[in-house]
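As given, the protein sequences belong to chains C and D, one line each in that order.
In this text, residue positions in the first sequence follow my numbering: the first is 217, and each later residue adds one.
In this text, residue positions in the second sequence follow my numbering: the first is 597, and each later residue adds one.
By construction, these hints were calculated from the structure, which means they are not laboratory data.
Do not take every clue at face value.
Subject to a maximum C-alpha distance of 25 Å in a straight line, what follows is the list of computed DSS-like cross-link-like pairs (lysine-lysine) [as the list claims (entries may be wrong)]:
#: 1; chain 1: D; residue 1: K733; chain 2: D; residue 2: K638
#: 2; chain 1: D; residue 1: K994; chain 2: C; residue 2: K291
#: 3; chain 1: C; residue 1: K290; chain 2: D; residue 2: K729
#: 4; chain 1: D; residue 1: K733; chain 2: C; residue 2: K291
#: 5; chain 1: D; residue 1: K994; chain 2: D; residue 2: K921
#: 6; chain 1: C; residue 1: K290; chain 2: D; residue 2: K904
#: 7; chain 1: C; residue 1: K281; chain 2: D; residue 2: K883
#: 8; chain 1: C; residue 1: K290; chain 2: D; residue 2: K943
#: 9; chain 1: C; residue 1: K296; chain 2: D; residue 2: K904
#: 10; chain 1: C; residue 1: K285; chain 2: D; residue 2: K733
#: 11; chain 1: D; residue 1: K904; chain 2: D; residue 2: K943
#: 12; chain 1: C; residue 1: K276; chain 2: D; residue 2: K883
#: 13; chain 1: C; residue 1: K349; chain 2: C; residue 2: K361
#: 14; chain 1: D; residue 1: K1098; chain 2: D; residue 2: K1085
#: 15; chain 1: D; residue 1: K638; chain 2: C; residue 2: K281
#: 16; chain 1: D; residue 1: K993; chain 2: D; residue 2: K1024
#: 17; chain 1: D; residue 1: K638; chain 2: D; residue 2: K607
#: 18; chain 1: C; residue 1: K297; chain 2: C; residue 2: K349
#: 19; chain 1: C; residue 1: K276; chain 2: C; residue 2: K309
#: 20; chain 1: D; residue 1: K943; chain 2: D; residue 2: K824
#: 21; chain 1: D; residue 1: K733; chain 2: C; residue 2: K281
#: 22; chain 1: C; residue 1: K297; chain 2: C; residue 2: K281
#: 23; chain 1: C; residue 1: K285; chain 2: D; residue 2: K904
Predicted, not measured: the structure shown is a model, and the values here were computed from it.
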Amino acid sequence: MGNEQFVVSLLVANHAGVLTRVSSLFSRRAFNIDSLTVGETENPELSRMTIVSWGDDYMKDQIVKQLQKLQDVKKVQLMKKEKTILRELLMIKIAIDKEQLPEVKEAVATYRASIVDLSPEAITIEITGETPKLNAFVDYMRQYKIIEMTRTGPTAMGRGMYCLEND
Amino acid sequence: MLLTGAEIVVKELVANGADVVFGYPGGSVLNIYDELYKYSDKIRHYLTCHEQGACHAADGYARVTGRTGVVIATSGPGATNLVTGIANAYLDSTPLVAITGNVATNMLGRDSFQEVDITGITMPITKHNFLVKDPTKLAETMREAFRIAQSGRPGPVLVDIPKDVQTARVEYDESAPHPACRPHDAICPDAVRRAAELICAAKRPYIYCGGGVIKADAAGELIAFAEKIDAPVGLSIMGLTAVPYEHPRFLGMVGMHGRFAATKALYDSDLVVAIGVRFSDRATGNKAEFMQGRKFLHIDIDAAEIGKNIGATDCILGDVKAALKKLIEALPTLRHPEWNAHIKSLKEHPDNSIDMDPQRLTPQSVIEGACRRHGDGIVATDVGQHQMWVTQYYQFKKPRTLVTSGGLGTMGFGMGAAIGSCIGTGGKRTVLFTSDGSFHMNLNELATAVTNNLPLVVIVLNNQVLGMVRQWQSLFFGGRYSNTTLERKTDYVRLAEAFGAKGYRALTNEEYEKALDEAFSSDGPVVIDCVIDRDERVLPMIPPGGGIGDIILR
């Protein structure tokens, strides 16, 4: 049984404590978790979570079934890779001097990132995309002095009519 | 009508059929207790000596009645004292609603006096829990709590109610509808058809029956199913009592301390029909060996149990009773004469005998002596060797007559559980088998039994040691008895008398029989101290992680 990374999308009740219930389930059941994102949906009563986890088929099966048992979880879906759009947001702040600015701007253009803050000492770049693209961008930026960075972890949505509906 | 939160809590208890509750008052639940005082004609509250005892009592009450047990405790230590009891109910899937008070909402999170985050603490050991901050949500939360506790696979639910929510006055609609439990009796016809095919193709079918059968009140269907497919029944500890001991299909408990025939027959089978079980490691031992060479058909109400511990060939999801009915309908009558001849030979095999020396006072003579008198009455146990001996020697006749801590293995469960069980049967005589180790954990509840004059027969299998741990130390730790030799000076006869109960001591079978005569003609609680040998072992034993080849028989 091979391990692989997979994405689980959830619709959950939008009230206090739900995030704790979900994350504590992962630690209690010894499930792996790479990232978790959560935010409100078009329906203020529901939030949507995207969890990136890894493991074998047993893990996948148990994660879905155990999540379904939580009272606050309305819908759980193991996302089909080929039908899923994954996006992650990253902000990175690097120290640069004036001469370096043109080459950094070129990198920003190449990666379709954008500059969201510029000061005499530092430049802050925002980039969204799939995780490998973000990793590549971070690797490229390592030639400069990275002051700090933050990333959201991927959020996911199905393509076309492949949806996560609350039924 | 405008009511206080506390009155809403009590009104909802009544509306949800909770006419018996267990608990212990305190600062943060004073308002609820004040309402209990007013509603004492509708709700009988039993005061225990400790919140843990109250929680085990609610658990025992739920197990014998099939209803939801209710326990009330104050904030802080009152709430934390419930934790073991809640975990116990969670592991054994007992429907339980625990109500705790908490400090006022504006005091939450400030480490106020007697404040703990009990919803945080109990999150992993409840089906769900609530911290009610909005008094207008209290009534529906109470209803939800009962619905969740009872629906699907039952379990404990905790409702934490801050003091100001109890005192707030809000509009209460008595006639608001109660949320319906989602029915689980819709069984997929295709799953039934596939299951029937598996069963028809099997030559050596074996039924492994668990606590789900008891919870679903499906013992009748289970036996009819066993007759129809001509298969023997092995049971998990939680499944015991589903099939009477004397029934020809009964093999006994499976697993670490199961009967030889029950475990061996499972290993000789080609199909295990597992019904309402979760394949605890104590039952399966070495999983690879356990699974090798046979198929598994798993029937359970909880989808997450399918494939959790044992990979199932196929499954039927849903209420066990409904599933068995459908299966019985779908199946022709099957006969397996050769297989059953083999089962008979296993049951008669010398390795299946667990008889002890009839001359001495042994665990066997103690348990069988009580069994002869107690018939189909309720039996509660604590945890350890005595518990295993009860599973082996007690001849259960009716479902829901064994109240034991199966999953969590809670020493100290017995006294509270026996009290709750006794109350649940309307005050019928209840036998508690305990030990000098377990009894010492919660013997304070003897006071509760005396106060309520409950006909409890507390049989202490007294071997002066922590017997089960000692047994492991003998077998796996070179006889180094680290901290398991108790040799306490407790005089159980005088202890019983000090609490206001009767006490007897038995060193021989004759003394024991005499004490039983007294105990079974007595109205109130009785303690019988049964002095047994400290090196009496629970056998057979399959060492942890072992298979049938590793079984220790003598």
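Quickly compare the C-alpha distance for K276 of chain C and K309 of chain C to 25 Å and report which way the hint goes. violated (36 Å)
Take the C-alpha atoms of K290 of chain C and K904 of chain D, compute the straight-line distance between them, and say whether it is at most 25 Å. holds (22 Å)
Taking only the CA atoms, is the gap from K994 of chain D to K291 of chain C under or equal to 25 Å? Not satisfied, since the Cα-Cα distance of roughly 40 Å exceeds 25 Å.
Proposed proximity, K281 of chain C with K733 of chain D (alpha carbon, max 25 Å): Not OK: K733 of chain D and K281 of chain C at ~29 Å, beyond 25 Å, violated.
Between the alpha carbons of K290 of chain C and K943 of chain D, is the straight-line distance 25 Å or under? violated (49 Å)
Is it true that the CA of K296 of chain C sits at most 25 Å from the CA of K904 of chain D? holds (23 Å)
Mind checking the alpha carbons of K349 of chain C and K361 of chain C for me, to see if they're no more than 25 Å apart? holds (20 Å)
Holds or violated: K638 of chain D and K607 of chain D, Cα atoms, limit 25 Å. holds (10 Å)
Is it true that the CA of K638 of chain D sits at most 25 Å from the CA of K281 of chain C? Outside the cut-off at roughly 40 Å; violated.
Distance restraint between K993 of chain D and K1024 of chain D, which requires alpha-carbon spacing of 25 Å or less: Roughly 16 Å between the alpha carbons, so the hint for K993 of chain D and K1024 of chain D holds.
Given the hinted pair K285 of chain C and K733 of chain D, is their alpha-carbon gap at most 25 Å? Since the Cα atoms of K285 of chain C and K733 of chain D sit roughly 23 Å apart, the hinted pair holds (cutoff 25 Å).
K994 of chain D paired with K921 of chain D [C-alpha distance capped at 25 Å]: holds (20 Å)
Checked against the numbered hints given earlier, the structure breaks hints 2, 8, 11, 15, 19 and 21 and satisfies all the rest.
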